[in-house]
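Given chain R's structure and the hints, the job is docking chain H onto it.
Listed in order, the protein sequences are those of chains R and H. Taking this note's numbering as reference, the numbering of the first sequence is continuous, increasing by one, and the terminal residue is 314. Taking this note's numbering as reference, the numbering of the second sequence is continuous, increasing by one, and the terminal residue is 1314.
The calculated lysine-lysine pairs, modelled on DSBU-like cross-linking and capped at a C-alpha distance of 35 Å, are:
id, chain 1, residue 1, chain 2, residue 2
1, H, Lys1221, R, Lys188
2, R, Lys237, H, Lys1205
3, H, Lys1151, R, Lys188
4, H, Lys1188, R, Lys307
Just so you know, these hints were derived from the structure itself, not from any lab. Quick caveat: nothing in here was measured; it's all calculated off a predicted structure.
2 protein chains.
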Amino acid sequence: MNIALDMMGGDFAPLEAVKGLQLYLSANSSPATIFCIGDETLLQPLLQEYNLSGDHIKIVHAPEVIGYHEPPTRALKEKPNSSISIGFQLLASGKVDAFISAGNTGAMLVGTMYTIKAIEGVLRPTISTVVPKLNGGTGVLLDVGLNVDCKPEQLNQFAILGSLYSHYILKVENPRVGLLNVGEEEGKGNVQAQATYPLLKENSKINFVGNIEGRDIFHDKVDVTVCDGFTGNIILKMAETIYDLAVHRNVGDDAYFHRFHYENYGGTPVLGVAKPVIIGHGISNDKAFMNMIITAEKMIESDLCNKIKESFTA
Amino acid sequence: MNIALDMMGGDFAPLEAVKGLQLYLSANSSPATIFCIGDETLLQPLLQEYNLSGDHIKIVHAPEVIGYHEPPTRALKEKPNSSISIGFQLLASGKVDAFISAGNTGAMLVGTMYTIKAIEGVLRPTISTVVPKLNGGTGVLLDVGLNVDCKPEQLNQFAILGSLYSHYILKVENPRVGLLNVGEEEGKGNVQAQATYPLLKENSKINFVGNIEGRDIFHDKVDVTVCDGFTGNIILKMAETIYDLAVHRNVGDDAYFHRFHYENYGGTPVLGVAKPVIIGHGISNDKAFMNMIITAEKMIESDLCNKIKESFTA
Chain R
1 MNIALDMMGG
11 DFAPLEAVKG
21 LQLYLSANSS
31 PATIFCIGDE
41 TLLQPLLQEY
51 NLSGDHIKIV
61 HAPEVIGYHE
71 PPTRALKEKP
81 NSSISIGFQL
91 LASGKVDAFI
101 SAGNTGAMLV
111 GTMYTIKAIE
121 GVLRPTISTV
131 VPKLNGGTGV
141 LLDVGLNVDC
151 KPEQLNQFAI
161 LGSLYSHYIL
171 KVENPRVGLL
181 NVGEEEGKGN
191 VQAQATYPLL
201 KENSKINFVG
211 NIEGRDIFHD
221 KVDVTVCDGF
231 TGNIILKMAE
241 TIYDLAVHRN
251 VGDDAYFHRF
261 HYENYGGTPV
271 LGVAKPVIIG
281 HGISNDKAFM
291 NMIITAEKMI
301 ESDLCNKIKE
311 SFTA
Chain H
1001 MNIALDMMGG
1011 DFAPLEAVKG
1021 LQLYLSANSS
1031 PATIFCIGDE
1041 TLLQPLLQEY
1051 NLSGDHIKIV
1061 HAPEVIGYHE
1071 PPTRALKEKP
1081 NSSISIGFQL
1091 LASGKVDAFI
1101 SAGNTGAMLV
1111 GTMYTIKAIE
1121 GVLRPTISTV
1131 VPKLNGGTGV
1141 LLDVGLNVDC
1151 KPEQLNQFAI
1161 LGSLYSHYIL
1171 KVENPRVGLL
1181 NVGEEEGKGN
1191 VQAQATYPLL
1201 KENSKINFVG
1211 NIEGRDIFHD
1221 KVDVTVCDGF
1231 TGNIILKMAE
1241 TIYDLAVHRN
1251 VGDDAYFHRF
1261 HYENYGGTPV
1271 LGVAKPVIIG
1281 HGISNDKAFM
1291 NMIITAEKMI
1301 ESDLCNKIKE
1311 SFTA
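Pulled out of the complex, with its shape left as it was, chain R reads as follows (with noise of 0.2 Å):
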């Protein structure tokens, strides 16, 4: 397994994917090949001060970065030898199986959508985020902001894409299936809502349980939770504090709080697409790496890439 980890994306570059590097290699008696994608003149002495060398590291040069706030799509033609485009030309490859970075995250969709390219099938890609239950549970909100203005039936293809990402990554066994409303039963909602319900029960490759609402979506009434990304980008980013309050209030080491640090989900897949690409937060620390290649590794095993174009083609 072979997994391609940009080390110049993220604000700490390329110190804190080095430390998630070393976290995740100490953690895995066997693990995958980690193609170090960045400056080698940076990386050869950071690598060598923690370490890490031998058969699971191959250093791969790229002289460029593109910056956070450079203009996707220039950016990457104008910076073929950049982490990014180097990683995308890799992947395409077949050279890795998977890629990971936490920069321009603007390139890494671009990247995404023009390299890899969307499933057949698919309206729209879609990224997600998992929410901590208070039952233990993991469940999965999907989309997060990649589609502000959604159509019903890109609503009813992120269901089944978060029901296959809920299944094979976070190993439930039936995943329901809710839609964030504002009551629970049908016919309630926006214009929307009230047509993209009648989808979702017609659905077959689902388990469609109804409505939710805000108040549920930490509670473990389904294990995936369909929105817009204009919905779900606010309430990712709104319980993204969750975390910041309760370490305000000093009970950020409560077990239950700490689930929203974003370093414990680390990225988002980019569900969709032909082959795994997991795209961190600008802030990424070295637990949010090494989430990000455990998830990587738990995308190529199950093959989702693959799994999800069957379920489309079906």
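Just chain H now, with coordinates in the frame of chain R:
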């Protein structure tokens, strides 16, 4: 000052309304006169038991009650002697200056629209929630569910209504208005947010400071957060569960988390209608009822409805 209180609304009616009334009266040396609307055979002994008598309490007999699951429009027509119908008659005729109920929300909204009516120029009245901020301040977020599909012009009006509420009721000097969105920069967002931004920017009646994100909701970036009722309702219900999470993790007594408990804000006024109407949560307890009476007092004292009228005719 005369306030009508529906004693038959809420899951624990009339007991919690009576206890809330007692809390209110015991904390005020010169209270408003409360018109207690409900079944007098129930109310008389209960008010006596709680030693509530004197000039500040008037029982208004209402032999009927509108149940939680009755269709609003029909119920209002078929039960003219229900506590909600009588409350609106008292308010419309000027016998009272405000009406409060924790009963059937739909009936309260229909009654408000048909009996009290929207202020001229207001496209759609709105309901809001207060937001506890980490620095101790209090923000207001609207709409929270009355208008699930919004045109940009409606959101622009919510900004005005929220600003006046923030100024006159929450006593914020020059309330900062933010548009809830998925990014900070102008041009971000879904079609709705993109179309709303320029209207807010051009609106001379408000102090618009730009977009705010989900992570800013509990911070002191703005005093008024504008969104449609779909997103707002989900946020409101999600915020209510933050208190539940805190209780579940044994930090419910924490002063900050406790501010998320609905009882501390009680109910929501309907903004943009001609007279003060306050709608309570079905689960309202004594403290919630007390706080609704206090909000009604503030709305009457500040003459909020007329300030709104002036703003919309200016």
